[in-house]
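Trainee: With the sequences and hints as input, model every part of the structure.
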Amino acid sequence: MIVPLLHVLILAGILFVLGLVCVLVWRSNIIMMLIGIEVMLNAAMLAFVGGANRWGMADGQVFALMIMAMTSAEVSLALALVVYLHRRKRTVNTDEFSEMKG
Amino acid sequence: MKLYLALILLLPLLGGVVNAVIGRKLPRRLSETLACGVVGGAFVCALLAFSAYRAPVKVELCSWLAAFDFKAPISLYLDPLSLVMMLMITFVCGLIHLYSVAYMADDPDYARFFALLNLFVFAMLTLVLAENLPLLYLGWEGVGFCSYALIGFWYREEKNATAGRKAFIVTRVGDTAFGIAIVWMFQLFNTVSITELNGMGFLMPAGVITGLGLLLLVSAMGKSAQMPLMVWLPDAMAGPTPVSALIHAATMVTAGVYLLARMLPLVGGSVAALAVIALTGGVTAFYAATCALAQRDLKRILAYSTISQIGYMMLGVGAGAITAATFHLLIHAFFKALLFLGAGCIITAMHHEQDIFRMGGLRKSIPLTFWPFLAGALCLAGLPLTGGFFSKDAILMAVWLKGGPLYSGLYGLGLFTALLTAIYTFRMVYLVFGGGHSSEPLPTETPLHHQGGGSLRVPRLMEWILLPLALLGLFGGVLNLPAWLGEGWLGRFLVTQAGIKETGALHALELALQGVAAVIALLGVAIAHLRYGGARRRERLAAAETPPTGLTAFCLHGWYFDALYRFLFIRPFEALARILWERFDEGVIDDSLDRFAFVLGRTGQGLGSWTTGRVSAYILSFAAGAALILGYLAWVVL
Numbered sequence: 575m576i577v578p579l580l581h582v583l584i585l586a587g588i589l590f591v592l593g594l595v596c597v598l599v600w601r602s603n604i605i606m607m608l609i610g611i612e613v614m615l616n617a618a619m620l621a622f623v624g625g626a627n628r629w630g631m632a633d634g635q636v637f638a639l640m641i642m643a644m645t646s647a648e649v650s651l652a653l654a655l656v657v658y659l660h661r662r663k664r665t666v667n668t669d670e671f672s673e674m675k676g
Numbered sequence: 065m066k067l068y069l070a071l072i073l074l075l076p077l078l079g080g081v082v083n084a085v086i087g088r089k090l091p092r093r094l095s096e097t098l099a100c101g102v103v104g105g106a107f108v109c110a111l112l113a114f115s116a117y118r119a120p121v122k123v124e125l126c127s128w129l130a131a132f133d134f135k136a137p138i139s140l141y142l143d144p145l146s147l148v149m150m151l152m153i154t155f156v157c158g159l160i161h162l163y164s165v166a167y168m169a170d171d172p173d174y175a176r177f178f179a180l181l182n183l184f185v186f187a188m189l190t191l192v193l194a195e196n197l198p199l200l201y202l203g204w205e206g207v208g209f210c211s212y213a214l215i216g217f218w219y220r221e222e223k224n225a226t227a228g229r230k231a232f233i234v235t236r237v238g239d240t241a242f243g244i245a246i247v248w249m250f251q252l253f254n255t256v257s258i259t260e261l262n263g264m265g266f267l268m269p270a271g272v273i274t275g276l277g278l279l280l281l282v283s284a285m286g287k288s289a290q291m292p293l294m295v296w297l298p299d300a301m302a303g304p305t306p307v308s309a310l311i312h313a314a315t316m317v318t319a320g321v322y323l324l325a326r327m328l329p330l331v332g333g334s335v336a337a338l339a340v341i342a343l344t345g346g347v348t349a350f351y352a353a354t355c356a357l358a359q360r361d362l363k364r365i366l367a368y369s370t371i372s373q374i375g376y377m378m379l380g381v382g383a384g385a386i387t388a389a390t391f392h393l394l395i396h397a398f399f400k401a402l403l404f405l406g407a408g409c410i411i412t413a414m415h416h417e418q419d420i421f422r423m424g425g426l427r428k429s430i431p432l433t434f435w436p437f438l439a440g441a442l443c444l445a446g447l448p449l450t451g452g453f454f455s456k457d458a459i460l461m462a463v464w465l466k467g468g469p470l471y472s473g474l475y476g477l478g479l480f481t482a483l484l485t486a487i488y489t490f491r492m493v494y495l496v497f498g499g500g501h502s503s504e505p506l507p508t509e510t511p512l513h514h515q516g517g518g519s520l521r522v523p524r525l526m527e528w529i530l531l532p533l534a535l536l537g538l539f540g541g542v543l544n545l546p547a548w549l550g551e552g553w554l555g556r557f558l559v560t561q562a563g564i565k566e567t568g569a570l571h572a573l574e575l576a577l578q579g580v581a582a583v584i585a586l587l588g589v590a591i592a593h594l595r596y597g598g599a600r601r602r603e604r605l606a607a608a609e610t611p612p613t614g615l616t617a618f619c620l621h622g623w624y625f626d627a628l629y630r631f632l633f634i635r636p637f638e639a640l641a642r643i644l645w646e647r648f649d650e651g652v653i654d655d656s657l658d659r660f661a662f663v664l665g666r667t668g669q670g671l672g673s674w675t676t677g678r679v680s681a682y683i684l685s686f687a688a689g690a691a692l693i694l695g696y697l698a699w700v701v702l
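If you read the protein sequences in the order shown, they are chains E and D. Mapping the first sequence onto my numbering, position 2 (from 1) lands on 576, and the numbers just tick up by one. Mapping the second sequence onto my numbering, position 435 (from 1) lands on 499, and the numbers just tick up by one.
Do not rely on the hints blindly, as some may be mistaken.
Stated by the list, open to error - So the derived list for chain E, only partly shown, Cβ under 7 Å to chain D, looks like this:
1) Asp633
2) Ser672
3) Lys675
Said to hold, decoys possible - Quick list of the computed label-pair ranges, beta carbon to beta carbon:
4) Tyr696(D) <-> His660(E): 39 to 45 Å
5) Leu639(E) <-> Leu684(D): 42 to 48 Å
6) Gly670(D) <-> Met642(E): 41 to 47 Å
7) Arg659(D) <-> Ile609(E): 49 to 55 Å
8) Tyr682(D) <-> Val623(E): 41 to 47 Å
9) Ala661(D) <-> Ile609(E): 44 to 50 Å
10) Ala661(D) <-> Met606(E): 30 to 36 Å
11) Ser685(D) <-> Asn603(E): 17 to 23 Å
12) Leu579(E) <-> Ser685(D): 28 to 34 Å
13) Tyr696(D) <-> Leu655(E): 31 to 37 Å
Hints were generated in silico from the structure; no laboratory data involved. C-beta atoms are modelled at their ideal positions from N, C-alpha and C, and glycine is treated no differently.
Mentor: This is the structure in structure tokens:
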């Protein structure tokens with residue numbers, strides 16, 4: 575069964591908007607923001623894979639693999655940051671970390 | 065000859081540099097010996113150069129400034145004029161260095177003092193020996209700097225530092241004129257060599273020569289403290305007394321006279337310039353003599369007398385009589401150095417009391433100072449057969465021989481000044497040395513210091529130095545005896561100098577003029593004796609207690625020239641500076657910058673309020689921006 579590209583892109587768009595809304599709205603918890611970012615990245619990945627399927631080229635799939643590798647690195651770094659931030663202020667609310675406000 | 069001349073310059077420079085760099089680390093004796101030794105060495109070299117001297121010689125040591133046509137090598141020119149100046153300078157400087165060792169014995173800052181003194185000797189010799197005007201200017205500025213630094217030597221007192229600044233700034237007026245003159249001469253003649261310039265005066269119209277002469281006169285006015293730039297010299301007495309003797313009496317202040325004598329073949333082409341020089345000299349001589357009549361400070365009397373005597377020299381130059389002017393310059397250097405050093409002895413003995421009305425009876429207590437000082441006073445007053453008599457008379461005779469209403473008037477003024485000179489000199493001598501010992505203790509001193517004549521002590525070395533100077537001052541007349549006594553050595557020696565046109569006078573006329581001068585000088589002494597000698601002395605002392613009024617105050621304050629300049633120059637300058645500072649600098653420049661910074665700061669604050677510190681806000685605006693861009697792209701593509 576071949577899924578048309580348009581459907582794939584619509585699903586990717588919905589996923590991206592969901593992730594974006596998650597990041598924008600759930601600012602009281604930095605972990606939820608990270609999850610939102612992951613969702614957005616997965617949406618982008620889905621679009622790549624859909625494209626690769628549509629034109630029958632491997633580039634999109636290669637890019638999907640690259641995004642996975644990058645995401646794992648990003649998450650490990652980001653979680654370390656979260657631990658550090660939590661240690662400093664005993665909270666994960668991003669609004670608390672506003673020392674650089676002008 | 066080249067070696068001698070190089071050594072004469074380099075020895076004092078070496079001493080100065082060594083003392084300036086490591087003088088503080090050297091033991092005191094070594095530093096003093098070095099300072100005196102190098103000047104002594106320079107004097108020996110000067111003597112050797114004198115014995116080896118045959119004809120004017122030009123020595124080029126190395127190149128200094130060279131650009132296109134402009135060439136100013138370090139080259140020296142030795143002719144009779146510079147030779148006698150060099151001998152006088154090294155001799156007097158050597159003696160004063162020795163004297164300073166005793167005078168500054170208690171001062172901890174000996175290294176700075178001797179370094180400056182040695183540098184001064186170097187600069188003065190450069191000035192005298194220079195063959196081109198830029199090199200002369202180098203020495204000119206060098207002596208000016210050393211003078212400034214030495215007047216303000218005890219700079220911790222505000223008064224001394226101010227006096228130094230005043231001297232520096234006032235002489236700067238003259239130096240500026242000198243700088244303009246050098247540049248103008250280069251523009252006119254395409255050379256700055258003195259010997260070449262002196263031979264080229266006839267190429268230019270008289271008006272240009274007059275202009276050059278006046279510029280040089282203004283530079284000489286500054287350095288030699290002539291009207292109207294004379295206000296700095298009395299204040300310059302704030303420096304240590306050896307400095308007053310060396311710089312502000314014997315050598316530096318005569319640099320202006322030397323410059324004019326040097327450039328006379330050029331300047332002499334203009335009758336008007338010569339007349340103005342003579343007029344300046346005559347009026348200054350009279351002015352300073354009247355001021356000296358009313359002074360109370362011993363050193364200020366001598367300072368005004370210096371201005372007055374340099375006025376005579378200027379008068380001599382203005383009459384075209386270089387020989388007479390140089391003769392008076394030499395003799396004056398000897399007796400004025402003697403008087404200042406004697407004053408230094410007196411001041412030391414009186415524990416830094418300088419008011420002559422508080423002295424008295426010193427003839428008995430410090431006789432070894434009294435006799436040389438009296439010799440110097442005799443020379444200054446121009447009593448017959450002293451050196452000062454012959455030299456002053458030579459100038460007056462040259463002025464008389466010039467004829468014409470201006471020079472006749474100046475002759476009369478000069479004679480009257482000679483009378484005043486004799487009066488103020490012996491007023492000083494009578495007040496300082498005459499009378500009994502002042503029994504009442506001096507108000508400014510603790511009685512501990514001043515108990516009878518026994519406590520008056522002067523270091524032996526300081527008094528011994530006075531003797532050779534006294535002999536030279538008294539018998540210096542033999543250097544250039546008037547024609548009726550035989551031929552003058554100095555005149556014969558200087559006659560090889562370019563530009564000297566000696567006009568011989570009849571012996572009878574010369575004798576008559578000298579007779580008049582002698583009578584005038586004796587009359588002055590007699591007046592001083594009547595006013596200040598014997599029993600009258602007490603009346604004068606009583607009169608001196610009340611503050612001066614009328615003419616006396618007018619003379620005491622130097623004809624209120626300081627107040628005049630304060631009113632004419634300093635006040636407007638301060639007002640202008642205040643306007644520029646408060647209105648322009650603070651009001652316009654600073655204020656506009658302040659406003660600009662304020663606006664920028666406000667803008668920054670306004671923009672800064674955008675940074676909420678909330679990540680979500682940033683992401684929202686980021687997303688909105690991205691959506692906008694996407695929308696725009698979709699708009700363009702579809």
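Trainee: Now look at each hint and say whether the structure bears it out.
Mentor: Here is what the structure says about each hint:
The criterion of a C-beta within 7 Å of any C-beta in chain D is not met by aspartate 633(E), whose closest approach is roughly 22 Å, and the hint is violated. The beta carbon of serine 672(E) comes within 3 Å of a beta carbon in chain D, closer than 7 Å, and the hint placing it at the interface holds. Restraint check, lysine 675(E) versus chain D: the minimum CB separation of about 3 Å is within 7 Å; hint holds. With their beta carbons about 41 Å apart, tyrosine 696(D) and histidine 660(E) fall inside the hinted range of 39 to 45 Å.
Between leucine 639(E) and leucine 684(D), the C-beta spacing of about 31 Å breaks the proposed range 42 to 48 Å. A C-beta distance of roughly 44 Å is found between glycine 670(D) and methionine 642(E), which places it inside the suggested range of 41 to 47 Å. Arginine 659(D) and isoleucine 609(E) have their C-beta atoms about 51 Å apart, which keeps the hinted 49 to 55 Å range intact. At roughly 30 Å, the beta-carbon separation of tyrosine 682(D) and valine 623(E) lies outside the given 41 to 47 Å, and the hint is violated.
Checked against the hint of 44 to 50 Å, the C-beta distance between alanine 661(D) and isoleucine 609(E) comes to roughly 46 Å, which is consistent with it. Roughly 44 Å separates the CB atoms of alanine 661(D) and methionine 606(E), a value that falls outside the hinted 30 to 36 Å. Between serine 685(D) and asparagine 603(E) the Cβ separation comes to about 21 Å, which falls inside the hinted range of 17 to 23 Å. For the hinted restraint 28 to 34 Å between leucine 579(E) and serine 685(D), the CB-CB distance of approximately 31 Å keeps it satisfied.
The given range of 31 to 37 Å is respected by tyrosine 696(D) and leucine 655(E), whose C-beta atoms sit roughly 34 Å from each other.
Comparing the model with each numbered hint stated earlier shows that hints 1, 5, 8, 10 do not hold.
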